[in-house]
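Heads up: the sequence lines are chains A and B, in that order. Using the working numbering, the letters of the first sequence map in sequence onto residues 1 to 381. Using the working numbering, the letters of the second sequence map in sequence onto residues 1 to 381.
Watch out, some of these pointers could steer you wrong.
[To be verified] Capping the alpha-carbon separation at 20 angstroms, the derived lysine-lysine pairs in PhoX-like fashion look like this:
| # | chain 1 | residue 1 | chain 2 | residue 2 |
| --- | --- | --- | --- | --- |
| 1 | B | Lys325 | A | Lys296 |
| 2 | B | Lys325 | B | Lys351 |
| 3 | A | Lys325 | A | Lys296 |
| 4 | A | Lys296 | A | Lys233 |
| 5 | B | Lys296 | A | Lys325 |
| 6 | A | Lys328 | B | Lys328 |
| 7 | B | Lys296 | A | Lys323 |
| 8 | A | Lys328 | A | Lys370 |
| 9 | B | Lys328 | A | Lys296 |
[As the list claims (entries may be wrong)] Pairwise CB distance ranges (calculated):
| # | chain 1 | residue 1 | chain 2 | residue 2 | range |
| --- | --- | --- | --- | --- | --- |
| 10 | A | Glu345 | B | Lys3 | 32 to 42 angstroms |
| 11 | A | Gln95 | B | His326 | 44 to 54 angstroms |
| 12 | B | Gly302 | A | Pro297 | 28 to 38 angstroms |
| 13 | B | Ala371 | A | Asn124 | 51 to 61 angstroms |
| 14 | A | Thr55 | B | Ala371 | 43 to 53 angstroms |
Simulated from the structure, these hints should not be mistaken for laboratory data. Beta carbons: idealized from backbone N, C-alpha and C, even for Gly.
Protein chains: 2
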Amino acid sequence: MSKYDIGIIGGGQLGKMLIEEGLRYNVSFATLDAELNSPASYISYHHIQGSLYDTASLQQLAAISNVLTYEIEFTDAHYLEQLQQQGHIIIPAPQILKIIQNKALQKQFYTQHHIPTAQFVLVNKPHDWLAALQQSGFTQFAAKLCQGGYDGKGVALMHISDVVNGAIPFDEPCVLEQLVQCSKELSIIVARNAAGHVQCYPAVEMAFDPIANLVTYLQCPADISESIAEQAKQIATQVIERLNGIGIFAVELFVNEQGQVLVNEIAPRPHNSGHHTIEGNYTSQYEQLVRILLNKPLGDTGIVQPSAMVNILGGQGFTGAYKLKHEKELLQIAGVYIHLYHKAESKPNRKLGHITILAPDVASLHTKAKAVMQLTQIVPA
Amino acid sequence: MSKYDIGIIGGGQLGKMLIEEGLRYNVSFATLDAELNSPASYISYHHIQGSLYDTASLQQLAAISNVLTYEIEFTDAHYLEQLQQQGHIIIPAPQILKIIQNKALQKQFYTQHHIPTAQFVLVNKPHDWLAALQQSGFTQFAAKLCQGGYDGKGVALMHISDVVNGAIPFDEPCVLEQLVQCSKELSIIVARNAAGHVQCYPAVEMAFDPIANLVTYLQCPADISESIAEQAKQIATQVIERLNGIGIFAVELFVNEQGQVLVNEIAPRPHNSGHHTIEGNYTSQYEQLVRILLNKPLGDTGIVQPSAMVNILGGQGFTGAYKLKHEKELLQIAGVYIHLYHKAESKPNRKLGHITILAPDVASLHTKAKAVMQLTQIVPA
């Protein structure tokens, strides 16, 4: 039987874009997802419907694929290790996935390898929180479930007085992390291949609306000094090298008010903060992963034009068929790229797509990004 | 039955790239091609295997598609007219295809509409050639079969003495066209939508190797004066407006030694001379056609970075499985985009793919394009 070049565990939008960026190399993809009609399944050569925790489905995907990767962390890392032992190639390695799946292991890894990160303490049960916080001296902190959190779920920003008042949001083991007074939030996409070659993408900055104090869009390049940029790149490279990571990794970073760069967390896959690389950089994060999976040389990560990225999120108060209210206006702006993820229905805050914005310079990028943000609105179809 | 958004007559590389550029809008495509495994068939949602002249297959594609387009001129334009009369939407209109399929009608159209073009005379049989040439006063000329020529086939560059000596290459009706002493060959991709809005892409120049006198690569922007650029744009717009053309058209132009712009010929579809727009321009020719077919506004055709395009052609002297000899080296150059067309085997001069090259300025583009050309070589796999 001739196999598919790449098998993707997960059939979401990250898988969809991975396939899109592999097409000009004629790469064939197989996918596995619990849904029959998932964003990637429409364009994969072969789709298996099955849970990402179902070992029979994972085995089936491995059997028909030359190499496996995953576009989501929520799969059975232990079983992937078994598949690896049977000779299947899995990139990034399941051992890395196991660390990343558990925020306690992730934080301990940083500490063991002298990677700067926010101070933290581990707690098993609600009963342990107060003593742990008092001992560490944290007053403001982020409580994060060790396992299973995503997209803001499983995370709470808290004050020690909440704990004193008995308002503990999670029963399961948690990382309690001292709140970083943060001047910038950055992300660096790191590509590392089997030969140990590393290419970092220029840092991306989460742009905040100073009035609403909300993340509004991602911008590349980040508005940071050369020395911060260099520090961020070194730390991002270091953490992936220490992990002996092969693949694409998003390293999320804080820059604190003292100008120190701290690792927040890592994703072992293409990431929301790298969507803009499709149009904004010579080699996209997705193409880069295809290259790594097929053992081709890494591509240049340089900037073609400054870029920004705005998420297209499901509108409040409705579920069902949807449309971009101002699609016509958006399509008439130069350097605006609408990406829709082929999701059947909208739900509040569901990621339905994103928009990349290119501009020849950063000043006009800001103007254009703000105009695009105002026009980006999902309404019932 | 829910229909596919777009039906493509032809399953070649132009269809493949049309589909690739429609994916981020979640556009569904159906294709028709004589081959079961054609470049576009791998990624179309539904593929019909059938001749492009088989009315039953064309009818079947029309029945399952909201709108039809063609990625090759060699199909049954008369039957497409019938489908149009039955209410199917076909873009560009079959009436335009009929004109373009016949070089005599094409040349007469230019003359009737005062579009500057090389002087010509029509001949039906070999017996007519000498008198026609003597009457027109042509000594050097291009003989072109009225119907069926493509990719250099059906065209001969000749001298009247060849005819005197009885060396007439074609028996069928021909256009004999006075040879233009040409200083540049340009191409302009013109997009025109149902509302009559027009967007021209910046002119592309065929770059010649001054030693071998061969077209080596395409370059955008063309190295021409503003006044030539303006003239070329006006003529290209004029001819598509006179045709009342809706769709994407490549208008190939000569600039003669007097600096006059002449129309050479038109293709009613995305074109080889527009491949570079995928990376080099804000909106690619393929995305632009998707927009036109779905009645969305035209996209901006501005340049992101100067670009060049090199064809990947089958190597001489072999047929069969193939590879790019220097793929590794090519993949390590920033701004080099390899596009492979998923063709099963190489044949001499077969178009197997192309490479787009981006660079921040024209000088470094030239250097990079020359390096890429030297590295672009197809060898047996």
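Here's how the hints hold up against the structure:
Among the hinted pairs, lysine 325 of chain B with lysine 296 of chain A is consistent with the structure: their alpha-carbon atoms are about 13 angstroms apart, no more than 20 angstroms. Between lysine 325 of chain B and lysine 351 of chain B the CA atoms are separated by roughly 16 angstroms; this keeps the pair inside 20 angstroms, and the hint holds. Restraint check for lysine 325 of chain A and lysine 296 of chain A: not satisfied, since their Cα atoms lie roughly 41 angstroms apart, outside the 20 angstroms limit. The straight-line distance between the Cα atoms of lysine 296 of chain A and lysine 233 of chain A is roughly 23 angstroms, outside the 20 angstroms bound, and the hint therefore fails.
About 13 angstroms separates the Cα atoms of lysine 296 of chain B and lysine 325 of chain A, which keeps this hinted pair within 20 angstroms; it holds. Restraint check: the Cα-Cα separation between lysine 328 of chain A and lysine 328 of chain B comes to about 41 angstroms, which exceeds 20 angstroms; the hinted pair is violated. About 14 angstroms separates the Cα atoms of lysine 296 of chain B and lysine 323 of chain A, which keeps this hinted pair within 20 angstroms; it holds. Of the supplied pair hints, the one linking lysine 328 of chain A and lysine 370 of chain A holds, its CA atoms being roughly 17 angstroms apart against a limit of 20 angstroms.
Distance restraint check for lysine 328 of chain B and lysine 296 of chain A: the Cα-Cα separation of roughly 7 angstroms lies within the 20 angstroms cut-off, and the hinted pair is therefore satisfied. Separation of glutamate 345 of chain A from lysine 3 of chain B is about 20 angstroms and departs from the stated range, judged on CB atoms against 32 to 42 angstroms. At roughly 36 angstroms, the beta carbons of glutamine 95 of chain A and histidine 326 of chain B sit outside the given window of 44 to 54 angstroms. Range check, glycine 302 of chain B to proline 297 of chain A: about 31 angstroms between beta-carbon atoms, so the 28 to 38 angstroms window is met.
The hinted range of 51 to 61 angstroms is satisfied by alanine 371 of chain B and asparagine 124 of chain A, whose Cβ atoms lie roughly 60 angstroms apart. With their beta carbons about 49 angstroms apart, threonine 55 of chain A and alanine 371 of chain B fall inside the hinted range of 43 to 53 angstroms.
Hint check: violations occur at hints 3, 4, 6, 10 and 11; the rest are consistent with the structure.
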